[in-house]
Amino acid sequence: MSDTQAAQKKEEWVPAGDLQEVKDPEWLFNEAPREQIFITGSEAAREAIRRSNVDIAISYPITPQSETMQQCGYLYDEGYIKEYYRGEEEIGVMSALGGSSRAGVRSLTATSGPGLMRGMEAISSWPGARTPLVLLNMCRVINTPLAIQPDNIEISFLLNTGILHAHAENQQDFYDYSIAAFLVSEEVDVTLPAVVSVDGFFVTHARGNVKLWDEKYKIPPRDGWRSAVPAMDNENPPARISRDAPIQKSNFISYHMHASWQQEVFAAVERSAKYWRKYIGDLIEVVNPDAEEFFVTSGSAVSQAREAVRQEGEKGRNVGLIKVKTTRPWPKLELIAALKNCKRILVPEFNQAGWFHKELCSTMYGHINAEIIGGPRVYGGMTMPTEMLLEWLADTRKKAGEKI
Amino acid sequence: MSFETIRPSPGYEDILPIEYQDLIKHGQYGRDVKVTEMGKFKELIEEHPMCAGCAMTLFIRLTMIALPNPEHTINVGTAGCGRLAISQANIPFIYGNYGDTNSVASGLKRGLEIRFPNTPKDVVVMAGDGGLIDIGFQGLMHSWFRKERFTTIMLDNEVYGNTGGQESGMTMQGKVLKMAPRGKITEKIDALGLARVAGCAYIARIAPTNPARVVRTVRRAILIAREIGPTYIQAYTSCNIEYAIPTPEVMQDAFDVEKERYGFHEEMTDEAKEYITRIEKEAKQKSKA
Ligand SMILES: Cc1ncc(C[n+]2csc(CCOP(=O)(O)OP(=O)(O)O)c2C)c(N)n1
Ligand code: SF4
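Going line by line, the protein sequences match chains G and R.
Each position in the first sequence, counted from 1, maps to that position plus 1 in this note's numbering.
Each position in the second sequence, counted from 1, maps to that position plus 867 in this note's numbering.
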């Protein structure tokens, strides 16, 4: 039997997705019984996709992401995803996703560092085209010399595009945030693409405990008729202003029009906060709220800081931690409230540029009195040992003339 | 979208713009229009900001007349002169990034097939030669290799018109243009040959000298793409500005170039031939009856 024959479906085949039951997402997130299993981040992504009622997934391989979109292939084969193909490369994939989302169907892809950069022109156009879709981003070094190691510098390129962005700390977050991302991105008053990033290898290839709801349940399908702009399906009476940014009407769109279009995109990012909260709770998690020293960060750096905070606690020192779950929307007000009484903040990061530190400084300026220290930072694939965080804490205390 | 979706509810006709009313009463929806009827029906596109006398606009206008099912058509375009007119049509128009047309159309077409399994939605890509053969080459070729079921129309003016006259892959060898100060070094790319190798179901080369033939060619390409596989039309649509063709001579240039090197050419797979012969016969019988 040839490979093709082996892969062919018998007539009586029923797609596995058809046997799943659609459930209310809030019930699924907040009440449905969950079973805990020990899986990798890529497997957590697969389980999230299985339950996300995805219409089309378009893939292209890149380490450390490949595993996830391969798994999507199997999910398609089983009938959890309706359409699937390997695209020509990332700019083609990201463009095609813009096309499928405009058709009004739930669309998914995943990539890593260089793939994200290659697809960037298309990716940065998704928000303006108001295309709800989900991109899973397994972070990886982007710069020469070539490396496949974890490093999340690529997130900095997404921050000012108008894309929703959540940064998962661990396998559990990756599962929850990915499903939530579809729901949030398709809300009428949002209608924006969403990226869920996770630090490559540390999460994608390592195992962790993940609590999942039963695979017989899935979230409701995307409703192509519910959207801030009509789908490109030719089901609406013709209008002189097409849904794509009216820039197409001439080479020189009115700058007022373009400006207001951009304002609306960024306002929609803010409006998404209330929907994220429905599924993933507060946009920040605060540990030891009354501490005077805080670690504030996102992604895998949170796990490392968590351990440092625990060890400090054992020594009787109260150090705080804030995990930022979504960097777009950026939870500015929550952060100001949580940090207003603290005196020192350390921002550990897995990248050289310190995008998180810059973000925090620029939004906290004038609102809090704490010193905001950029570091420690590791990059190019380095790990961040807890000792490093503890040393930084000790150093900053020493510099301030405090007890270590 | 059925005609009923477009038709205003009774009592509301008068408050709609006159153009909209004309579209309902005298438009192309729900019937096949002929080129000979031009001027007697409301066309899908009537105004545009392109240069006076531009041959591309004539071709685009004819393409709109040719659409076999405008109520279920989505046009996909990109940066370049053509979109300035295509976007004015009463057909949803996706204006993506430069060169992304065939990737966008692949996702769009597959998405529409998921959402409307029982309603064929025609996707038509119309883009410049630079947009397809240079920056969009990879997406173009792969959409053909994947046998994506939509039509690609190259508006081949043999130059980057919209950015002011640089050479493209479709420019003739030796032609002096911007960015080719000593004349274009390489040959005009054989896009028709590439379409053949990639397995397009229907391929045509055409100049806008015979409007009825343009309409028939576009209609065939769209119908074959709907049922069988990718189709490709390469249309000579001169750029009178960058090639300094005086406006009154644009059509003469089209006739000359057609005669010299751009003669009408049509080829299709056996499957496409069998299909189009059958449906054209059926249509003829229906119109006689
Ligand atoms: C990524 C990117 N690169 C370059 C451009 C600039 N650009 C816009 S239109 C155009 C030329 C269009 O030429 P062609 O596709 O042949 O269409 P024409 O204008 O001749 O109809 C170029 C180079 C762009 N918009 N985007
Ligand atoms: S620049 Fe050339 S192709 Fe573009 S509108 Fe003018 S004449 Fe037509």
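Keep in mind that the hints were calculated from the coordinates and are not lab data.
The structure displayed is predicted, hence computed values, not measured ones.
The C-beta atom is built at its ideal place from N, Cα and C for all residues, glycine as well.
Please note: incorrect hints may appear among the correct ones.
[Stated by the list, open to error] One-sided and incomplete, this derived list gives chain G residues near chain R with beta-carbon spacing under 10 Å:
no.	residue
1	G88
2	E89
3	I92
4	G100
5	A104
6	S126
7	M233
8	D234
[To be verified] Simulated pairs of lysine-lysine, PhoX-like, Cα-Cα distance not exceeding 25 Å:
no.	chain 1	residue 1	chain 2	residue 2
9	G	K10	R	K1014
10	G	K11	R	K1014
11	G	K359	G	K279
How about A104(G): closest beta carbon in chain R under 10 Å, or not?
This interface hint holds because 3 Å falls under the 10 Å limit.
For the hint on S126(G), just tell me whether its beta-carbon gets within less than 10 Å of chain R.
Hint on S126(G): holds, closest Cβ of chain R at ~6 Å, below 10 Å.
Would the hint on E89(G) stand, with a C-beta cut-off of 10 Å toward chain R?
Since chain R brings a Cβ to about 4 Å from E89(G), closer than 10 Å, the hint holds.
At a threshold of 10 Å, is the proposed contact between M233(G) and chain R supported by beta-carbon distances?
Since chain R brings a Cβ to about 5 Å from M233(G), closer than 10 Å, the hint holds.
Against chain R, run the beta carbon of D234(G) and see if the smallest gap drops under 10 Å.
holds, 6 Å
G100(G) as an interface hint toward chain R, with CB separation required under 10 Å
holds, 3 Å
Restraint status (C-alpha distance of K359(G) to K279(G) at most 25 Å)
violated, 28 Å
Does the structure keep K10(G) and K1014(R) at a Cα separation of 25 Å or less?
Distance of about 21 Å is within 25 Å: holds.
Holds or violated: K11(G) and K1014(R), Cα atoms, limit 25 Å.
Holds: K11(G) and K1014(R) sit about 24 Å apart, inside 25 Å.
Any CB of chain R closer than 10 Å to the CB of G88(G)?
Result: holds, 7 Å to nearest chain R Cβ.
Let me know if the C-beta of I92(G) comes in closer than 10 Å to any C-beta of chain R, holds or violated.
Hint on I92(G): holds, closest Cβ of chain R at ~7 Å, below 10 Å.
Violated hint: 11 only; the structure is consistent with all others.
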